[in-house]
Amino acid sequence: MALLEVTDLQVSFGTASGRIFALNGVSFSLERGEVLALLGESGSGKSVTASAIMDLVPNPPGAIDRGSIRFDGAELLQLPPNERRDLCGSRIALIFQDALAALNPVYPVGWQIAEMYRIHGRNPEGGVDKAVIDLLTAIGIPDPERRARQYPHEFSGGMRQRIMIAMAVALEPDVIIADEPTTALDVTIQAQVVDLLATIRKRSDAGMIFITHDLGVVAELADRVAVMYAGRIVETANVFELFEDARHPYSVGLLASQPRLDTDEDELVPIPGSAPNPVALPSGCAFRTRCPRAEGLCAEVIPPLETVGPGREAACHFPVSPA
Amino acid sequence: MNQPLLKVENLSRHFGSGATPVRAVDDVSFEIARGETLGLVGESGCGKTSLVRTLLKLGPATSGSAVLDGVEITKASGRELHELRRKMQVVFQDPYQSLNPRMRVDRLICEPWALHPGAVPKARWREETVRLLESVGLRAEHADRYPSEFSGGQRQRLGIARALTLNPTLLVCDEPVSALDVSVQAQVVNLLARLRRERNLAMLFVAHDLAVVRHVSDRVMVMYLGKIIETGPKQSIFSAPAHPYTQALMSAVPTPDPRLRGRRKRIVLEGDLPSPANPPSGCRFRTRCWKATSICAEQVPTLMARTPTPGLLTACHHAESEVISSQTPWNGSSS
Amino acid sequence: MTDTSSEFLPTSERRSRRILWLLRALAGDPMAVAATIWLLIVVLAIFTDSLSLLGGNRISLKTRNLPPFDFGQSWTLWLGADALGRPLLVRLIQAASTTIGIAVVTVLTSLIGGTLLGVIAGYFGGVVGNVIMRTCDIILGFPTLLVALFGLYLFGPSVSNLVIVLAVTRMPAYIRVARAETLEVRERLFVDAARVFGGGPKWILRTHILPSVAPTMLTLASVNLAMVMLFESGLSYLGLGIQPPSVSWGLMVAQGQGYLSSAWWLGFFPGLAVMLTTMSFNLLANWFRIVTDPSQHWRLVSRRR
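Protein chains in written order, with our numbering: chain C, 1 to 323; chain Z, 1001 to 1335; chain Y, 2001 to 2305.
Hints are computed from structural coordinates only; laboratory data are not their basis. This one's a predicted model, so the numbers in the text were calculated from it and none came from an experiment. One should not assume that every hint holds.
[As the list claims (entries may be wrong)] Negatives, chain Z to chain Y, calculated, CB over 10 Å:
hint, residue
1, 1053
2, 1057
3, 1062
4, 1082
5, 1097
6, 1100
7, 1159
8, 1239
9, 1261
10, 1262
11, 1270
12, 1277
13, 1291
14, 1321
[Claimed, not checked] Cross-link-like lysine-lysine pairs, in silico, PhoX-like; alpha carbons within 25 Å at most:
hint, chain 1, residue 1, chain 2, residue 2
15, Y, 2202, Z, 1122
16, C, 130, C, 202
17, Z, 1075, Z, 1057
18, Z, 1057, Y, 2062
19, Z, 1087, Y, 2202
20, Y, 2202, Z, 1075
21, Z, 1007, Z, 1234
22, Z, 1075, Z, 1122
23, Z, 1087, Z, 1075
24, Z, 1087, Z, 1007
25, Z, 1087, Z, 1057
26, Z, 1087, Z, 1122
[Unchecked claim] Covered by chain Z, according to a simulated footprint, are these stretches of chain C (three or more residues, beta-carbon under 8 Å):
hint, region
27, 127 to 139
28, 307 to 321
For each residue, glycine too, the CB sits at the ideal point set by N, CA and C.
Construct the entire structure; sequences and hints are all you get.
Have a look at this one:
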C-alpha cells in the first residue's frame, strides 16, 4: 500500500471572475523512501497540491470539491479537524518556500524548533533542549548553543532555510513536502540545501514530495517525476526516463528550453505562448494552444492520464514516440 | 573602432560614512567593446545591483571613473547627462514593478521620446511604437492595453521594447529573466540575442543563473563582495576557471542530467557571506576558501593573468585552472 | 487574448470610445449611478436657482409652518414651509449653492495645496520637507473648531474667511497622506526607469508620482467633504459661519433644531440633503478610484476574452 495516495483531487477557488479550478483531477502516489518531484511552472497547481494535503487551503474562497487523500490507509479529508492537525506537522511535514516569512521574527530560533516538540506533546529522550542542539548540529549550524538563542534575522537566507528543514524533520515525519525550497536562493546556498535534503533522504525512509520548476534540482534528487500543467498531471515517469525519453510535448518542451551549463547551443528552443489563464482554459487539452503536435481531437477531448510504458503515464492524444 | 564603448576604471560605490562604510562596489575596472555582451555573475550581496545603479547614474559613484563613448558618466550633468541617457538604457528584473501600472502601453513606449524631443518627431510616434512592439514579438493592438493585462514574459518584452526606443548603444540588463517561468525565459533570452545581432547592441547582462549567462555572453565577469575576482572570455571561464569561488559556483549548479547524480563532486562552501561593511582583510574570499594561506590575509590579490588559459584574469594568489568537462566527474582538488 | 481593433484609431474616435467605456463602467456600479443621479439633480437645482427661475421666496404668513406632502398646494410647498412661510424646497435649493460651493472650494483648496506640499515634502525631503512637516504638526496641534473660532472671530465671519480657515485646518491630513504615498512610489522601479530615460524631478512628479497619488487624495477629499459640511453647519449655528439672510443647509439644520417636535421637516430635509450629497460624493469617489486603477477595471467592466 502506498504511503500517500492522492486520487482525483479537485480544488477550486471562487473569484470575482468565476470559479478557478486550481487542481483538476490530480492523482499520484508516494511510496516509502521515495522522492517524487512535482514539476511545473506558475499556475500549474503544484503548490495548491501541497496546501490541500496539509489542510492549508483557505476555505472560503477555496474548496476541495472532490477526491481523496489517503495517508497510511487513513482518509485525510474525512478526519476530524484536530486529528488532521495533529497528523499534519508530526507525520506529514511541510517546508515552505519563503523561509523568512515562515519563521516568527520575535522568537528565538531554538524556541521555535522546540515548539514543534511542544505542540505535538513529544518528549525526546535527553530533553527538548538537547534535541534542538542536536538538530542544529545535524544541519550544519556551527556553535549551536549560542545560535539557538538568536533570532531569525541574525541568520543568513541559506541558514534560515536549513532551520526550516530542521523544524520539518524534527519529529521524524513519514512524509516531507518541500515547496520550492531552493527557488529564492543563490546557487551555492541551493547546493547546501540540496545536499541537506539528500542526506535526510539517505538517513530516513520518509517519502518526500519535492515541488519545483528547476529541472537541475529534479535531476539531483528525484526518483520519480510528475509533470503538472494547468491543474492536471500530464506525465509521470521515473527520473531517468523523463530526461532521456519524455513523452508529453510539454515535458519535451520544458527540457528543450532550459539553458544548460555544460553545453553551448546557439539558440534555446522555447515553448511558444504563455501559461493559460486559469479562468479561461482552452477546451480539451489545456496545452494544445502551445503544442506543436496539436490536432482537432485535442480541442474536443481532454486527454486522460494513460499508461504509455511500465510505470509511466502521459496525458496526451499524440504523445512523442519513444526515443 | 578600437576604443572600447564603455571603460570603467577603479569605480567604487560606498554607502554610509564614518569608520565602516558599506563597500558595495570596491575598485572595479572593466571594459565593454561595441556589440559585445559582458555577463556579470555573482550572488546576492556581491554588489552587482549597486554597480548597475552607479553606471546608470541612479546613484553617485564614490570614486573612480566610467567613460561611455568618451563621456565621463560619473561627472556628467545637465545637458551632457541627458544626451548620455540616449546611449545607455536598462531592462529591469521585475516586470511587474518596472512598468507604471497606470500608463497605457503606448504612453509607456513614448515616454522616452517625450523626454528627448529630438529623437523621433511626434507625428511618427504611433508608427514607431507599432514597429517596436512587433520587433519584440507583440502586436499593434497591445498598445491600447495596460500592463496588468499582460503576462510576465510579455511585460518583460514591453520593457525591452521601451529600452530600445532611443536606439541605445549599450543595454544594461539587470536579471531580466530571473522572475520568469523557465519556458518563457527561453523566449526572452532568444529575443535579446536576436535584437543584439540586429542592432549590434553592447550588453551588460547581469544574472545569477550561470546557464543563462553562458548562452548570452561573449565575456564574463564574476563578482564577490564588491570586487571582480575573475574575468575572461566565456569559454575560458566556463571550462577552465581558476578562482576557487568561480569553481565552487560552477560546481554548485545542478545539471539537468540524472546520470551524473552523485558522480559530480560538489564544492560546498563553508560559512556565510561576510558583511560588506567589514570585509575580510586581503582577499575577501579567504574566509570560505579551502586554499587560503597566510598571504591571502595580508595582500589583496590583483586581477591579472595567472594561468595559460587565454584571456583569463584572476584575482587569487593560488589560481589554478581546473578543466571542467560535462562527461567526466568534476574533480575539484584541494591541493 | 485580444478582441479589440487591430489598428490605431484617430483621436476623436478614441475619445468617444473612451466615453462609451466610462459609461459602461459607471453602469457596472449601481451605487455610483444613484449617486450621479442625485448629484445631477443638485446641479440642476443650483442652475435653475442661479437663473432665478424659482421666484417665490416671499414671506407669507398664510403658509407659516405648513407641513409637507400636501399635494394640494403649489409644487414649491410640497416639502412644507418654514416659520416665515417661505417654501422649504425653494430654501433648500438656494442653500444648495452656498453649501456645496463652500464645501467644494474648501476641499479643492486643501486638496491642491495639500497634495502639492505633500508630494514636494516626500520627493525632495531635506530641509524643505522638514519645514513642511513641522508646520503640519503645529497646525494639527490645535483643534479645528478652536482655530476656526479664533480665526473667524478675529477676521470676521465672511465666506472667504470661512473657506480659508477650514481649508488650512484640513490641509495637514492631505500633506501627510500625500507625503507617505510619494515616499512609497518614489522607490518603485518604474520611477528608476524614468530617471534612466532622462526624466528630471518635474517630469517624474508630473507623470508618475501625481497620477499614482491622485486616487488616494481624491478619496480623502470626498471623505472631507462631509466633514467640511458638518463643520460649516456647526460654525453657522454658533453664528460665525454663514450669516442670515444667506442660507446653507447646515444653517437650516441648526435653525430647525428648535422645531424638532413641532415642525420636524425644517431640520429633516436639509439634513437629508446633506446626507445624500456626502454619500454621493463618497460613492463616486470610490467608483473613480476603481476607474483610475487599470488593474481593478474587471470589477466594473467584464471583458470577453
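Taking the hints in turn, this is what the structure says about them:
1. Listed as a non-interface residue, residue 1053 of chain Z fails to keep its Cβ farther than 10 Å from every Cβ of chain Y; the least gap is roughly 8 Å.
2. The beta carbon of residue 1057 of chain Z is not kept farther than 10 Å from every beta carbon of chain Y, the shortest such distance being approximately 8 Å.
3. With a least beta-carbon separation of about 19 Å from chain Y, residue 1062 of chain Z lies farther than 10 Å from that chain, consistent with its non-interface assignment.
4. At roughly 5 Å from the closest C-beta of chain Y, the C-beta of residue 1082 of chain Z falls inside 10 Å, breaking its exclusion from the interface.
5. With a least beta-carbon separation of about 4 Å from chain Y, residue 1097 of chain Z fails to lie farther than 10 Å from that chain, contradicting its non-interface assignment.
6. The non-interface label for residue 1100 of chain Z is inconsistent with chain Y: the shortest C-beta to C-beta separation is roughly 4 Å, within 10 Å.
7. Listed as a non-interface residue, residue 1159 of chain Z fails to keep its Cβ farther than 10 Å from every Cβ of chain Y; the least gap is roughly 8 Å.
8. Consistency note on residue 1239 of chain Z: stated as away from chain Y, and its beta-carbon is indeed over 10 Å from all of that chain's, at 35 Å minimum.
9. For residue 1261 of chain Z, the requirement that its beta carbon stay farther than 10 Å from each beta carbon of chain Y is met, with the minimum near 39 Å.
10. Listed as a non-interface residue, residue 1262 of chain Z keeps its Cβ farther than 10 Å from every Cβ of chain Y; the least gap is roughly 42 Å.
11. In this structure residue 1270 of chain Z is separated from chain Y by more than 10 Å, as the shortest Cβ-Cβ distance comes to about 35 Å.
12. With a least CB separation of 22 Å from chain Y, residue 1277 of chain Z remains clear of the 10 Å interface cut-off, as annotated.
13. Every CB of chain Y is more than 10 Å from the CB of residue 1291 of chain Z (nearest about 40 Å), matching its label as outside the interface.
14. No beta-carbon of chain Y comes within 10 Å of the beta-carbon of residue 1321 of chain Z; the shortest separation is about 38 Å.
15. A distance of roughly 21 Å separates the Cα atoms of residue 2202 of chain Y and residue 1122 of chain Z; the hinted pair therefore holds under the 25 Å criterion.
16. Among the hinted pairs, residue 130 of chain C with residue 202 of chain C is consistent with the structure: their alpha-carbon atoms are about 23 Å apart, no more than 25 Å.
17. About 10 Å separates the Cα atoms of residue 1075 of chain Z and residue 1057 of chain Z, which keeps this hinted pair within 25 Å; it holds.
18. Between residue 1057 of chain Z and residue 2062 of chain Y the CA atoms are separated by roughly 80 Å; this puts the pair beyond 25 Å, and the hint is violated.
19. Taking the CA atoms of residue 1087 of chain Z and residue 2202 of chain Y, the gap is near 22 Å; set against the 25 Å cutoff, the hint holds.
20. A C-alpha spacing of about 22 Å is found between residue 2202 of chain Y and residue 1075 of chain Z, which places the hinted pair at or below 25 Å, so the restraint holds.
21. This hinted pair checks out: residue 1007 of chain Z and residue 1234 of chain Z have alpha carbons roughly 19 Å apart, not beyond 25 Å.
22. For the suggested pair residue 1075 of chain Z and residue 1122 of chain Z, the alpha carbons sit about 31 Å apart, so the restraint of at most 25 Å is broken.
23. At roughly 16 Å between alpha-carbon atoms, residue 1087 of chain Z and residue 1075 of chain Z fall within 25 Å of each other, so this suggested pair holds.
24. In summary, the hint linking residue 1087 of chain Z to residue 1007 of chain Z is supported, as the alpha carbons are separated by about 14 Å, within the 25 Å threshold.
25. Of the supplied pair hints, the one linking residue 1087 of chain Z and residue 1057 of chain Z holds, its CA atoms being roughly 13 Å apart against a limit of 25 Å.
26. For the proposed pair residue 1087 of chain Z and residue 1122 of chain Z, the alpha carbon gap of about 20 Å is at most 25 Å, so the pair holds.
27. Counting residues of the region 127 to 139 of chain C whose C-beta lies closer than 8 Å to any C-beta of chain Z gives 0; at least three are required, and the coverage claim is violated.
28. With 0 residues having a beta carbon nearer than 8 Å to a beta carbon of chain Z, the region 307 to 321 of chain C misses the requirement of three or more and the stated coverage is violated.
Violated hints, in rising order: 1, 2, 4, 5, 6, 7, 18, 22, 27, 28; the structure is consistent with all others.
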